[in-house]
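There are 4 protein chains.
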Amino acid sequence: MLRFDHDYAEGAHPRILQRIIETNDEQHPGYGTDQYCDRARLLIQQACNAPGADVHLLVGGTQTNKIVIASILRPHQGVLSPESGHIAVHETGAIEATGHKVLTLPSKDGKITASQVQQYIDGHNQDASNVHTVQPGMVYLSQPTENGTSYSKAELEALSTVCRNAGLPLFIDGARLGYALAADGNDLTLEEIAKLADVFYIGGTKVGALFGEAVVITNPQFKSGFRYLIKQNGGLLAKGRLLGIQFETLFEDGLYFDISKQAVEFAWQIRHAFEAKGFAMKFDSITNQQFPILPNTVLAKLSQKYSFTFWEKVDENHSVVRFCTSWATKAENVAELLEDINQL
Amino acid sequence: MLRFDHDYAEGAHPRILQRIIETNDEQHPGYGTDQYCDRARLLIQQACNAPGADVHLLVGGTQTNKIVIASILRPHQGVLSPESGHIAVHETGAIEATGHKVLTLPSKDGKITASQVQQYIDGHNQDASNVHTVQPGMVYLSQPTENGTSYSKAELEALSTVCRNAGLPLFIDGARLGYALAADGNDLTLEEIAKLADVFYIGGTKVGALFGEAVVITNPQFKSGFRYLIKQNGGLLAKGRLLGIQFETLFEDGLYFDISKQAVEFAWQIRHAFEAKGFAMKFDSITNQQFPILPNTVLAKLSQKYSFTFWEKVDENHSVVRFCTSWATKAENVAELLEDINQL
Amino acid sequence: MLRFDHDYAEGAHPRILQRIIETNDEQHPGYGTDQYCDRARLLIQQACNAPGADVHLLVGGTQTNKIVIASILRPHQGVLSPESGHIAVHETGAIEATGHKVLTLPSKDGKITASQVQQYIDGHNQDASNVHTVQPGMVYLSQPTENGTSYSKAELEALSTVCRNAGLPLFIDGARLGYALAADGNDLTLEEIAKLADVFYIGGTKVGALFGEAVVITNPQFKSGFRYLIKQNGGLLAKGRLLGIQFETLFEDGLYFDISKQAVEFAWQIRHAFEAKGFAMKFDSITNQQFPILPNTVLAKLSQKYSFTFWEKVDENHSVVRFCTSWATKAENVAELLEDINQL
Amino acid sequence: MLRFDHDYAEGAHPRILQRIIETNDEQHPGYGTDQYCDRARLLIQQACNAPGADVHLLVGGTQTNKIVIASILRPHQGVLSPESGHIAVHETGAIEATGHKVLTLPSKDGKITASQVQQYIDGHNQDASNVHTVQPGMVYLSQPTENGTSYSKAELEALSTVCRNAGLPLFIDGARLGYALAADGNDLTLEEIAKLADVFYIGGTKVGALFGEAVVITNPQFKSGFRYLIKQNGGLLAKGRLLGIQFETLFEDGLYFDISKQAVEFAWQIRHAFEAKGFAMKFDSITNQQFPILPNTVLAKLSQKYSFTFWEKVDENHSVVRFCTSWATKAENVAELLEDINQL
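Protein chains in written order, with my numbering: chain A, 1 to 344; chain B, 1001 to 1344; chain C, 2001 to 2344; chain D, 3001 to 3344.
The shape of chain A in the complex, shown without the other chains:
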């Protein structure tokens, strides 16, 4: 069975493993105070052109979302999110477990707009009895989204402007950020994202690392106490060096961007193959996840050899499914899949 169902199926990029082995016997102080973490933080600041930013290396995405949001909100505030946002759907109430409601905005392709946010804020502020409802305290979005789509520079600037005018911090979940940055059609740089967001993170787990997410806090208002919150939430890895080594390797010479690029190219090949056979896509994804709408007969056939993710039923005879590539996807496996699609 060849897996195209998710982007965390393999281990890590060989260069990362190599570095972990080489440094295994070294003795380091714990909890991210070692030299590898220091250098990784520096490299990430440089990649973002944000020398004053705080960078924290965490283990996983849910943990990261939870800690960032709990760090920013006051108890009576909630976080605005697309209804398809990871925090709204797939984190087992991790945000609510910190005491905060996720305030969802409707979305057809995983994205929300500046005017939706503005409208929500206005609605709340103009409601005479608004103390009976949760106050919006920040905005969460994913780049790329859970549907593979991606915010354009204009869209993100508009969102950032609305947020700043309203005093609502903007937090960007970048669990798959590499794949958005590497996509054809993307017009947003890492530096611009760092400028437009107050806090965001650069995902490692799905882009070359064994695990790891690098939080970048560019707004000084949200820096204080963050390490306490990491510890309190069980996110302060004893052998923090492991995170330092991984992000150092990913960012010292652009490896993060290179491996992302390849994954996206494979994803487009798969998309084009399906489209060439007349199958439409559910979302206009430009990144490593593609969502063809396929008839049951095709699904039955492909599933004999490939694993992919069921997304949703369209009608009795059709479903949306997800095909996912990653930094580890092998060219020969993609070639085989393309051939099989072509023969459908």
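Because the hints were derived from the structure by calculation, they are not lab data. One should not assume that every hint holds.
Across the chosen pairs, the derived CB separations fall in these ranges [what the hints assert, rightly or not]:
hint: 1; chain 1: D; residue 1: Glu-3312; chain 2: B; residue 2: Ser-1152; range: 52 to 58 Å
hint: 2; chain 1: D; residue 1: Asp-3122; chain 2: A; residue 2: Thr-33; range: 18 to 24 Å
hint: 3; chain 1: D; residue 1: Pro-3295; chain 2: B; residue 2: Ala-1154; range: 47 to 53 Å
hint: 4; chain 1: D; residue 1: Glu-3157; chain 2: A; residue 2: Thr-189; range: 52 to 58 Å
hint: 5; chain 1: B; residue 1: Ala-1331; chain 2: A; residue 2: Thr-189; range: 50 to 56 Å
hint: 6; chain 1: B; residue 1: Asn-1342; chain 2: D; residue 2: Glu-3312; range: 49 to 55 Å
hint: 7; chain 1: B; residue 1: Pro-1295; chain 2: A; residue 2: Glu-191; range: 52 to 58 Å
hint: 8; chain 1: B; residue 1: Glu-1155; chain 2: D; residue 2: Ala-3331; range: 58 to 64 Å
hint: 9; chain 1: C; residue 1: His-2124; chain 2: A; residue 2: Glu-191; range: 39 to 45 Å
Just so it is clear, CB atoms sit at the ideal spot from N, CA and C, and this is done for glycine as well.
The hints should help you fit chains B, C and D onto chain A, whose structure is shown.
Just chains B, C and D now, with coordinates in the frame of chain A:
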């Protein structure tokens, strides 16, 4: 600088790294549903002679303590703990962050007794206005303790009996469990611990792994929903295989016990060297942490070459410090330290 | 200005005030352990024909919803609620503040159906990766609903059956329960509600009392620890006698039901008056809240003399508003309103 | 049985009841937006000479402590409190339920000192691994304390200075504030308390009201969002007018101070009577609670006619008990008690 200040200074046992490399290209489903996790769980059940136990592989200790305790307690209940317990002191309020008070019992060496627990329960139950105070809902202890001491079989049986009679689950933090099991003077087996506790965990981070703690739930009452809680608390590692591979390696042929044994032997050599020079120990530790009371002059001398942990001041001229060995401690480094102590 | 905008505009029924004055100098133990609370609890058990039920007297609705739900759910569970449910909309995230997500079901008139609940449970149970989502742990509904509508006996029986088969406790918010019980067209008795719910409450604040909600726990599984939770949530009134006196007065000779009946009759008179003039109702309310759809001209006219609640805009020229009666509504004020509607 | 066991045994001052009756039929908007609340807030600002302060009227003490503390702290912070503080002992973990640890300081008479607080802050700040422990985020104390003792002006000024220098807000629990202000030997005015604290409250439940605590927020930094937090915690009384009427009555002409004065005088008479018979006091209380150390024979005798509170056992033959007076204590009952003490 040779580090004896903590037991998470190095990476992982080479056999673990080897297995991670060998399996790196394999494609697996995520979140601990792979074959390595399955086998690790089986090996741990076998090591505990607890075929019906649920085994969950988590990343770190604070996370594990938090999840287990939150899973067991109802909102109005607290957890009884020695005042020196890790959850009471060094987890940045992780337990309180889940809504629960840590109810501390005084302790001189990190241990609590069955009669202390019984007395606390009786005091609460006999208090006519007890609804104004937190109800004790479970008991937490560490084996070995944060002071290196260890519960005997008789002590743990007495505690377990008190807990069961009172209907309070007993949870054992085994972040350094290997070092207690391997200690001369220990009379408790892993199987007995599994029988006496309702939930406990076997620490990997400090005993050979890059990271990882294996929770063993022997009381069926506390099994339901545990994986939801892991996810909600950001503890469900996407590439769960990493935990499976590590615990499989540690438990397939007794590696966990072998490397623990060596660490404890080194610790005893250090203890004996200090005692031979007339320095007393603060705690009667039989495990990998030793706590000599040393004059400032000695501390100044040793600190030129070795790192160790300041524990507490005794008087103007003396302090307690901690020397820690681990599975990774090198024989030549110990020999050098012994020689230097000898020459004091 | 005559108020028809809400049902907590006045103080308490005169008989309640009279009893508070008469007993003012008596000395009582605090926190609900006095004789008035004892008798109130007994009278409520009798009114419910539930001699084994636990009855707790709390101060307000949000507090009550929060305590009941926190008492029942485990950390990874959420509460199913109509999207218009009070806990989902108007409690400033009180439920989320206890760590739990409110899982909303769509509703057009404030009610949910047994099949909606069944479908949600099935969807969750059949989802292979359900540990990534919040587990439904109980069902919340209001009788009458926030839209004035009311569950029939058949509807509530069906819901209760689905809940019991699935092991999900059913909690009924009865902040305005009196008005549902007293409504023409209602076919559910208090006794039946006590049988079909696991926990419910009888609202006093909106039905004759200064404040107070009587929680009735009929399912023995949810009795333990409840007083601890009341205290922890700041709901244990020091002078608990005040709650006892109020519910004793309301339930010793049917006062609760009598004053509810009158309020509902006034509400129907208002509804009929609007309908006679050709104005439609937004919801088919049979209780003390009525929701006419009115043109702006009418709203402007009525608002010179009456206060009522804006509910939602229908189009440029029409809005839904709420007219509310209560146990304290005066016949002469209703007569005046009816006359004014008639003259529109 | 004559009650001297607590200070919430009776209802409310007759003038309060009178006003509640007179206004019962008036129609008001809910949730504290009525004219009585407005005037009560104004009168309290005036009594504190703090025209810019925010005043909020809440129902009870635990609720108030919980809301104030949750409003101020960030998630990784705890509240410093005397170990005998109400929040540390008698609120069923209400503070922990909001996610925060209560950091206790030892105390012999219920009071803490400026130097204790300074030392704790220094200890935390100087600890290199302080992110593993809870950060002190504010200071809580009670005036008068749970032991009836009272901070002098010099003591409170010193505490306030330490807190301000360290950036830690000072919160004063004034559940019995009237009795401290009225005590012989007190040298602190309400105005000074308002200046030295960042937030404090004036207790009504134990000083003349049916219920009610008036929170005064003098530090502008802690004003925002407070009403949201009241609502979220179930503390926003629907018929808020009841709180307004009570505090208006207590503060419009000094009633609050007059009734406090009488209660303290009675308490001193009881203290003097015990001391005249040679019985020592456990605490040097100057307020309405007195704590004589009495032999069992005396306790047995007095308990036939009076109720008082067992505090703690001193030895086999002696215990500390609490005698409490209040605004409602009757002169004839005190006379009877004095006579009986005298005859011992």
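Do the hints match the structure? See the list:
1. Taking the beta carbon of each, D/Glu-3312 and B/Ser-1152 are about 34 Å apart, not inside 52 to 58 Å as hinted.
2. The supplied range of 18 to 24 Å is met by D/Asp-3122 and A/Thr-33, whose beta-carbon atoms lie about 22 Å from each other.
3. Distance hint for D/Pro-3295 and B/Ala-1154: a CB-CB separation of about 42 Å, inconsistent with the stated range 47 to 53 Å.
4. Taking the beta carbon of each, D/Glu-3157 and A/Thr-189 are about 55 Å apart, inside 52 to 58 Å as hinted.
5. Checked against the hint of 50 to 56 Å, the C-beta distance between B/Ala-1331 and A/Thr-189 comes to roughly 52 Å, which is consistent with it.
6. Distance hint check for B/Asn-1342 and D/Glu-3312: the Cβ-Cβ separation is about 53 Å, which falls inside the suggested range of 49 to 55 Å.
7. Separation of B/Pro-1295 from A/Glu-191 is about 55 Å and conforms to the stated range, judged on CB atoms against 52 to 58 Å.
8. Between B/Glu-1155 and D/Ala-3331 the Cβ separation comes to about 59 Å, which falls inside the hinted range of 58 to 64 Å.
9. A C-beta distance of roughly 42 Å is found between C/His-2124 and A/Glu-191, which places it inside the suggested range of 39 to 45 Å.
When held up to the earlier numbered hints, the structure conflicts with 1 and 3 and fits the remainder.
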